[in-house]
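K.L.:
In order, the protein sequence lines correspond to chains R and X.
Residue numbering for the first sequence follows this note's numbering, beginning at 943 and increasing consecutively.
Residue numbering for the second sequence follows this note's numbering, beginning at 2 and increasing consecutively.
Derived from the structure by calculation, the hints contain no laboratory data.
Don't take each hint at face value.
What the hints assert, rightly or not - No farther apart than 30 angstroms at their CA atoms in a straight line, the calculated lysine-lysine pairs in the DSSO-like style are these: (1) X:Lys-70 <-> X:Lys-59; (2) R:Lys-955 <-> X:Lys-59; (3) X:Lys-96 <-> R:Lys-968; (4) R:Lys-968 <-> X:Lys-59; (5) R:Lys-955 <-> X:Lys-108; (6) R:Lys-968 <-> X:Lys-70.
Since this is a predicted model, take the numbers as computed values, not measurements.
One letter stands for each residue in the lines below.
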Amino acid sequence: DAGVTQSPTHLIKTRGQQVTLRCSPKSGHDTVSWYQQALGQGPQFIFQYYEEEERQRGNFPDRFSGHQFPNYSSELNVNALLLGDSALYLCASSLRGLGETQYFGPGTRLLVL
Amino acid sequence: AQSVTQLGSHVSVSEGALVLLRCNYSSSVPPYLFWYVQYPNQGLQLLLKYTSAATLVKGINGFEAEFKKSETSFHLTKPSAHMSDAAEYFCAVSKGGGSNYKLTFGKGTLLTVNP
């Protein structure tokens, strides 16, 4: 059983560009959450998707947007990239419900030059 | 609002020694608490979680943590460190025990194990 997968593993972009990161949840999971982990910091919650809708959002600007597809996979889009967007982006999947746990993927490391 | 403070950004122990990683939380509601481990170039792996059942929680790889409400703490311990325990450890808090609640993480503690 494959766990949470993310693509690409690494990405280099320049300021002002746009980027799309992808996440495939663990088999049987229906909820996807995205986190940003800056160097030397803990992960920070960006948003969560369930039933193809954004259910919760952290303190991130509108430049960060997402989507969830009918097969539960998800994309994170970041527009107008800033140097400060350089980070490891983690996707976590889970089965919605009490007592369930979020399982994390290996992340996508984004470098903005 | 909820927050987590991990005391000590870097802890170094000898192989076979006790591991103690400290975590204090702030929460306006009864918290759910988690410890995750991150090995180099990997995602986060859940070690253990507290969801208001037993205050002493046992996790994987010999780790355990004790929830102390009076001290607002959830410290992680392991009696005897192995070289393979070297990694970064994150404490996290959420408002609920379900997967629809966001996790709020501390800044992490890097554990090094010396031979």
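K.L.:
Hint by hint, say whether it matches the structure.
P.N.:
Evaluated hints:
1. X:Lys-70 <-> X:Lys-59: At roughly 18 angstroms apart (the allowed maximum being 30 angstroms), X:Lys-59 and X:Lys-70 satisfy the hint.
2. R:Lys-955 <-> X:Lys-59: Given pair R:Lys-955, X:Lys-59 is violated - Cα atoms ~43 angstroms apart, limit 30 angstroms.
3. X:Lys-96 <-> R:Lys-968: holds (23 angstroms)
4. R:Lys-968 <-> X:Lys-59: Cα-Cα ~24 angstroms, so holds.
5. R:Lys-955 <-> X:Lys-108: The given pair, whose Cα atoms are some 26 angstroms apart, holds under the 30 angstroms limit.
6. R:Lys-968 <-> X:Lys-70: violated (34 angstroms)
In summary, the numbered hints that this structure violates are 2 and 6.
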